[in-house]
Amino acid sequence: MRGPGRWAVLFALVVLAVVMIFPFAIVAINAVKSPAEYSSQGPLSLPDGLYLRGIVDFWHRVEFGTKLWNSFVISASVSVLAVVLSVLNAYALGIGRVKGRLSILVLFLVANTLPQESLAYPLYYLAKAVGLYDTRLSVIVVMTVIQAAFGTYLLSAVLGQFPKEILEAAAIDGAGRLRSLVRIVVPISRPTLSVLLIFFFIWTWNEFFLPLILLISNDTQTVPVALGVLQGERYMDATMSSASALLGVVPAIAFFLIFQRTLTRGVTVGAIK
Amino acid sequence: MRGPTRGYWLYLVPSLLLFLAVIVVPFLMNVGASFTRWSGVGTPRWIGFDNYTRLLGDERFWESFQHNVGLIVAMAVVPTAIGLVLAAALFDYIGRRFGTRTASALRAMYYLPQVLPVAIAGVVWGWMLHPSYGAVNQISGLELDWLGDPDLALATVMAVMVWFQLGYPVVIFMAGLQRVDPSYYEAAEIDGASWWRKFWHITVPQIRPEIFVVLLTCTIAALKVFGPIFVLTRGGPGNATMVPSYFSYLNFFQKSNVGYGSAIATVLALIIVVVTFLFLRVQEREP
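Taken in order, these protein sequences are the chains called A and B. If you count the first sequence from 1, position 26 lands on 336 in the numbering used here, and the numbers rise without skipping. If you count the second sequence from 1, position 147 lands on 186 in the numbering used here, and the numbers rise without skipping.
Treat the hints as calculated values from the structure; they're not laboratory data. Be aware that one or more of the hints could be misleading.
[To be verified] The following residues of chain B were derived to be distant from chain A, with all beta-carbon distances above 10 angstroms:
(1) R93
(2) V219
(3) E228
(4) P276
(5) F292
[Unchecked claim] If you want the ones that stay clear, here's a sample from chain A, every Cβ over 12 angstroms from chain B, calculated:
(6) R363
(7) V366
(8) A386
(9) I498
[Claimed, not checked] Which residues of chain B face chain A? A few of them, derived with a C-beta cut under 7 angstroms, are:
(10) F58
(11) T92
(12) R136
(13) A158
(14) F318
(15) V321
Since this is a predicted model, take the numbers as computed values, not measurements. Even for Gly, the Cβ is constructed at its ideal location relative to N, Cα and C.
Given the sequences, and given the hints that come with them, work out the whole structure.
Now the structure itself:
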């Protein structure tokens with residue numbers, strides 16, 4: 311295709327891209343309009359000025375700062391703990407090649423595929439029984455195990471390729487297993503570990519079902535749970551709803567921009583699994 | 040390093056203990072509860088397979104699986120099909136004629152919805168589709184109750200899910216295309232093959248592994264879908280967008296039918312494991 315044809319292709323792809331980002335743009339411009347302006351001008355007009363009352367009101371109403379902090383504490387703890395567990399497991403499975411490693415890997419993989427619905431009620435029940443219900447710790451423990459199941463699977467394959475000569479040299483120098491792990495395996499696998507860390511952070515941030523079940527009070531809920539539960543409440547008007555959407559969207563886009571390079575690399579790593 | 044490998048077991052101990060407490064025991068408890076009548080308090084009463092026989096005759100249960108099929112179309116089939124064409128067009132058409140920067144910018148825009156928590160995607164669209172003040176009706180001049188009309192609700196949710204999922208296959212397929220040997224395309228061009236012929240005979244077969252991974256992961260995600268349904272429709276209006284995961288949630292936490300909810304969750308788990316197994320078998324048989 312030459313001449314006008316190639317521009318037609320580009321045009322079609324650009325139109326689709328505009329459709330894809332259109333909701334983001336609409337949310338952003340309407341979150342800063344006053345309700346009066348929204349009802350007179352409609353959603354497409356550019357805002358007359360920055361009307362931040364809607365966002366500020368909504369922020370206070372849902373105690374958004376607390377929600378952000380809860381999401382951050384949970385996601386950061388899970389990502390670190392799950393990477394630690396994944397490394398320990400993958401060390402035993404990928405490098406140590408312990409007996410029965412294939413069945414252990416399959417077990418982890420099945421755990422990762424199971425629908426959370428089939429664990430939800432017992433987890434809720436057990437969390438109540440041990441006094442962890444409605445604490446951030448309950449979500450941290452559960453999500454750490456679920457993320458580590460995937461991390462173990464991925465990392466075992468990576469560490470299976472680890473150059474043995476390096477470890478043998480270290481053993482001759484008298485390094486024990488723990489020392490080899492901390493001083494050699496972890497530093498050399500750092501790029502993969504950082505991809506895992508970012509993935510676990512974002513996946514945990516985005517999680518909805520288990521936090522919804524385990525966290526009930528205002529002081530413990532995460533951003534997606536709090537906003538998801540409020541969606542469609544009676545008192546929400548048009549600008550408040552878009553303020554809610556904007557507050558949910560901004561952290562996600564911020565992570566995307568911060569982690570973009572590592573992320574695109576990571577998506578590819580996930581594809582090869 | 041040639042010594043006994045037994046010591047490595049120690050490194051598995053923390054995970055295996057946690058795994059037992061968070062996955063194995065709860066899963067077995069769930070299967071156990073599915074054979075009982077239980078409100079969540081008091082002692083569960085053993086009723087054998089009653090919950091399962093009740094499931095077989097429950098219209099809501101069957102409908103919820105039909106809606107799942109619709110969501111598999113919206114979350115796996117359609118995004119994979121459109122994603123293939125988009126990835127190929129970006130990679131060997133836009134990338135070559137307008138530069139890779141244009142191609143990556145477009146790819147980033149298609150991927151943007153994927154960075155959202157799926158519940159937040161629901162919040163965004165719940166607002167856009169609101170019958171009285173939503174942007175979609177205001178802009179289009181229509182007066183449709185997108186999520187409140189039983190004939191429209193499932194189609195609307197499906198459209199939202201296509202929007203949400205599309206970026207994932209595009210990114211994966213574009214990454215896959217990078218390992219395709221360019222000489223295939225060069226040879227096909229010398230033979231005068233059209234773009235569509237190259238698409239069918241080179242692009243699709245070369246990235247078959249990626250297509251499998253995307254179809255498998257998206258199908259599983261569609262079978263599990265909960266967040267968008269909870270946020271957008273709560274399974275309604277009536278039963279119009281009920282899915283198994285939300286149906287089990289409803290029985291657990293609103294109707295206090297824990298036994299019945301457990302049976303639904305167990306069946307769903309079984310279906311997902313079987314689907315995964317079938318996919319992997321088919322993939323193994325591929326050349």
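Hint check results:
1. With a closest Cβ-Cβ approach of about 18 angstroms to chain A, R93 of chain B is found to remain outside the 10 angstroms limit, as its non-interface label requires.
2. Distance check for V219 of chain B against chain A: the nearest CB is about 14 angstroms away, which clears 10 angstroms, and the non-interface claim stands.
3. At roughly 13 angstroms, the least C-beta separation between E228 of chain B and chain A is larger than 10 angstroms, which holds for a residue marked as non-interface.
4. The claim that P276 of chain B lies off the interface holds: its Cβ sits roughly 13 angstroms from the closest Cβ of chain A, which is beyond the 10 angstroms cut-off.
5. With a minimum CB-CB distance of about 7 angstroms to chain A, F292 of chain B fails to clear the 10 angstroms threshold, and the non-interface call is violated.
6. With a cut of 12 angstroms on Cβ distances, R363 of chain A stays outside the contact zone with chain B, its closest approach being about 17 angstroms.
7. Taking the minimum C-beta to C-beta distance to chain B, about 18 angstroms, the non-interface status of V366 of chain A holds against the 12 angstroms cut.
8. Once the 12 angstroms rule is applied to beta carbons, A386 of chain A is consistent with being away from chain B; the minimum gap is 16 angstroms.
9. Once the 12 angstroms rule is applied to beta carbons, I498 of chain A is consistent with being away from chain B; the minimum gap is 16 angstroms.
10. Satisfaction of the interface hint for F58 of chain B is found here, the shortest Cβ-Cβ separation to chain A being roughly 6 angstroms, below the 7 angstroms cut-off.
11. For the restraint placing T92 of chain B at the interface with chain A, the shortest Cβ-Cβ distance is roughly 20 angstroms, beyond the 7 angstroms limit, so the hint is violated.
12. A cut of 7 angstroms between beta carbons decides the hint on R136 of chain B: the least distance to chain A is about 6 angstroms, and the hint holds.
13. Hint status for A158 of chain B relative to chain A: holds, with the closest Cβ pair at about 4 angstroms, below 7 angstroms.
14. Of the supplied interface hints, the one on F318 of chain B is violated, with its beta-carbon coming no nearer than about 11 angstroms to a beta-carbon of chain A, more than 7 angstroms.
15. Interface hint at V321 of chain B: violated, since its Cβ lies 16 angstroms from the closest Cβ of chain A, which is beyond the 7 angstroms cut-off.
Hints 5, 11, 14, 15, counting from the list given before, are not met by this structure.
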